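Novice: Please construct the entire structure, taking both the sequences and the accompanying hints into account.
Given next are the chains, with one letter for each unit.
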Amino acid sequence: MIDLALSSDFPRSCRAAAMVDGLGIFRIRHLPSGPSLRRSGPEALAGLPDCLGVQDRGGAWLASVAPSDWLLLGPASSARSCLDRLGSGLDPALARVFDISASRIVLELDPEREERVLSAYTSLPREQALSAWRCAPTRFGDCLVTFIRRQAGSGILMVLDPSLASYVASLLKRMD
Amino acid sequence: MTGWRHSSLGIIDRSRPISFRWEGRSYRGFRGDTLASALLANGVSIVGRSFKHHRPRGLLAAGLEEPSAIVQTGAGAKSLPNLRATEVDLVEGLEAHAVNAWPSVSTDVFASLGLMKRFIPAAFYYKTFMWPGWELFEPWIRRLAGLGQAPDQPDPDTYEHAHEHVDTLIIGAGVAGLQAALASIRSGAATLLIEHDAVAGGRALGAEQSLSGTPVGSWIAEALAEIDAAPHGRRLMRSTAIGLYDHGLAAIYERSDPAGPPGAQGSLRGRLWKIRARRIIVAAGAIERPLVFSGNDCPGVMLASAAETYLHRYGVVSGRRIVLAANNDRAYRAAFALNDAGAEIVAVLDARPEADIGLLEIARERFPVHPETLPLRVEGRDRVRAVRPARLDGSGAMASLSEEIACDTVLVSGGWTPSVHLHSHLGGRLRWDDMISSFVPVQPSDVLSVGEAAGEFADLGRIRPIVCVETPGGREEETAFVDLQNDVTLLDVRLAVRENFRSVEHLKRYTTLGMATDQGKTSNINGLAILAAELGRTPAEVGVTRFRPPYHPTPIGAFAGHRIGDTLRPRRRLAADAAHARMGARMEDYGHWSRPAFYPQARETEREAVHREVCAVRTAAGLFDASSLGKIEVIGPDAGLFLDRIYPGSMAAMKPGRCKYAVMLSEHGTILDDGVVARLDADRFLVGATSGNAEKVAAHLEDWLQCEWPELRVMTIDVTTDWAVMTISGPKARLILAQLGASIDVSREAFPHLSVREGSLLGVPCRIQRVSFTGEVSFEISIPWAYAEDLHSRLMASGASLGLIPVGIEAIMTLRIEKGFIHLGSETDGVTLPDDLGLSGLVSRRKADFVGKRSLSRPEALRQDRRQLVGLEALDGSAPPIGAHVVSDRPDSLRGGAHSEGWVTSSILSPTLSRGIALGLVEAGRSRHGEIVILRDGNRVLKARITPPGAYDPSGERMHD
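Line by line, the protein sequences give chains A and B.
So the first sequence is numbered by my numbering: it starts at 14 and just counts up by one.
So the second sequence is numbered by my numbering: it starts at -15 and just counts up by one.
Because the hints were derived from the structure by calculation, they are not lab data.
Fair warning: this is a prediction, and the values are worked out from it, not measured in the lab.
Hints may be right or wrong, so weigh each one.
[Unchecked claim] Computed, partial: chain A to chain B, Cβ under 10 Å: (1) Ser81; (2) Leu137; (3) Pro138; (4) Ser179.
[To be verified] Dumping the calculated DSS-like pairs for lysine-lysine here, alpha-carbon to alpha-carbon at most 25 Å: (5) B:Lys644 x B:Lys831; (6) B:Lys111 x B:Lys62; (7) B:Lys101 x B:Lys111; (8) A:Lys186 x B:Lys258; (9) B:Lys62 x A:Lys186; (10) B:Lys644 x B:Lys837.
Ideal Cβ placement from N, Cα and C applies to all residues, glycine included.
Specialist: Right, dumping it as structure tokens:
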């Protein structure tokens, strides 16, 4: 597999952010209607995060990025284990899992620079939207990214489309 | 004016002297000075030349309301035009000069224009300099009048944006603003206090006053300490609220400290803040108004409060022999303070009768006070020499003239104008307050105005609203200035009324009163008061012009922020971008994607490279990175039904493993996008979209799904950048692909044209679609994004011996034009219907409904003379210019001239056919094959034959092979 950093012109790290490697990233989509969700099995869906919430699932992080739309990411083995547990309860006719590990770049923002970076490029009310265990798909500069905050004090993860890596890198470098 | 520096007053740092240059001469000031205060301290009288007449001008004010001291600083790329000297912080090595003066501000040769002022009143350009044409005179008029010079090099400095959410935003850190901030912080609200100046305190700075028994300087320091210590309190200095918008949004421009650490080539010059606040409090204070009289623009005429500021803050005394002219009590503070500092107050001219002058007795103990008296005119040109007072009668008209009073400075105060601009940005209403003769905010409103911004004044006393004094039949109106920055006189205002411009909005635009960079901060109220008097109405009836953002001039760079250079807008890169660069591709911007246009070799021109690539595709194979093409998966038991409603063609009937070319329509029946739709399995489709429309198509699908058909069991997922796509096209394509070892049978029999297969390649999932945009056998290979370079290099290695080369977009466009395939945006515009392009076969006649169906049956859609897709071959073999019109002998009924029957939409010199090939849209084109028509492009005329589109392999035999 090609190193996305090399192929996407993103520096391995800059002062504001460092790339996170070796993650498994999965997108879980489910048909939105209520009956379908219930048919998928209570065990699978019980306790899923509320919209824009994030959960620690055995070392992987499950984020509800939109209604019936989840992002699961974490160290490859943790993410795969969590996915197996979730997937066993999902009705395949109504839910789909997309392995996007090779199609996303994940950055971790430097906590000391986070405030300035987020203030410059997003209009989020940061205290509410990016408190512990919250996520936010939002605009960064002029492109769409997803922010995921895990426990308080941890660096925010930024999940982005690899075709935009160069643009995001340029934005971050302006903050150096 | 002969300003001078007091030995001890002021809050400048006298331990840090600063050298600077003004108009080529060296001067000295101190840290904490502005350019204006330093010039005043050095006895400089003339700091500018007026916009139109080039009259010498001195300092009128001490802050952002200054209309005359417009300067330019720096040089080259760092040059900054049109700054106010009152806002330029003095820094070591500052170089500044006045704008609009040559060769210098002291001896401006264009001052001779003043002799012509009777011929160039307001709006003269609507009546004169018209023959033989305005264009003859315009360049000269523009050179003679104006402001500074814009730099002609890119700005090396940077600007940032910043966003914040707070409970309370307080605008203005004078006493009222500080009090509001303390109250907000003590209530526990997240509070942001902003202040235009570098220091807080407003007019109380340096003044000897007390607040709640505490010297005001100490009170300010304690307030600031409390604000800074509060965890939820914050303040921004050097920050101006330039606009207020709906839903609590405020735009604030923060200027960097010019004395801060120097940057390298570029430094951060400013930051544009967008603040969302639950509550906004405007404590922006008020601005003093001047009086209008003949010669009121002479250097040495200054606002009384400005003189106070120069004294208390900068330790500069404005003159030595000072006359004060006023209509309110507050102005006397300036006289007392300057007198205490050592200036002689030779007279106070007060418009009011004795009974209304609150400080009369105290004042008369120190200097002469003349009630019911105002200046008739000021004598002097380059500086004030004397003032000629006039006694007033009960109506405010001149009763008699008094003896001339020799002086070097005239301080004026015609009242105070609350800063209501920000309140008005949100549509807040104003009412006229007779007590202060000004407009004040009507409250409650979306913002809360406090202090003087709300019209609350404690010390004005009784005001007499006199605007101007004149002799009967005199000509004072010619040199009595209402708007100093735009040289608008009392005469101009009266002229506008005589010419029936009776609305305050018309007055503004006809005379340009209030339209200069100071936005009429010292002139608007005087102007409308004069208008009211001329019309026999009240100022309340006349009203005020609308205030719009920005409140204060703001660098354009601030609005751009990061949107400049590489980050002007997101430019997306292909998955194999690095590989393309290594292979020498010429990259171009196509719809926000950076894509290879062509791959030049050695000294090839673009045409040679494109021709080589086209020939390779026709004879061997070409490799094209198609990763940017939109891909949207549509999944669910009702996916087929959903797509049947979206598309005009039938999708649900497609078998798994098949694909078809389709057009997507808008509700108007016009073509929104085109692409290939593939059925992956029973309830999974892959919708293809053009690169530039991927997001739009994804949004279009979701729009209909969520708003119109939420009951359908369907989900849509944009997977455009989940998959990289490498297209291999040409007679050798199948051979090359077969060598790669995919788990898919790519033989002719197993993989016919317009089919899709899923499998694995290089150990990862892949999809391959056999579709063609070139007219040759083509395979679009989709693989997870990160594997794109791997795949690219494997294909190149596999195909090199068979003649495979990389090809760019220009070659692809050439190939598709040869084939007669359409390109969205070339052969389509906002009105193109499927039948116009010969695609009525894609529109089902049997389906009950689909998006756009109804519109296709409108009379306009059924007209026989609609423009239709055709081929065009120039008789001389050349490539007709794109955009050339097909003209007929029939005249155009609407516009006259020749009638256009259509135009050339795409055109190339075909390397395959060795002649020019074009596509076009021509009225009733399909029934005119073989006809010779005239093409016209500007002065170029050529003849062409209308043909069916698609000169190369019309039967499609090659791509179906």
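Novice: Now, for every hint given, state plainly whether the structure supports it.
Specialist: Against the structure, the hints:
no., hint, result
1, Ser81, "holds, 7 Å"
2, Leu137, "holds, 8 Å"
3, Pro138, "holds, 4 Å"
4, Ser179, "holds, 5 Å"
5, B:Lys644 x B:Lys831, "holds, 17 Å"
6, B:Lys111 x B:Lys62, "violated, 40 Å"
7, B:Lys101 x B:Lys111, "holds, 15 Å"
8, A:Lys186 x B:Lys258, "holds, 22 Å"
9, B:Lys62 x A:Lys186, "holds, 23 Å"
10, B:Lys644 x B:Lys837, "holds, 20 Å"
Hint check: a violation occurs at hint 6 only; the rest are consistent with the structure.
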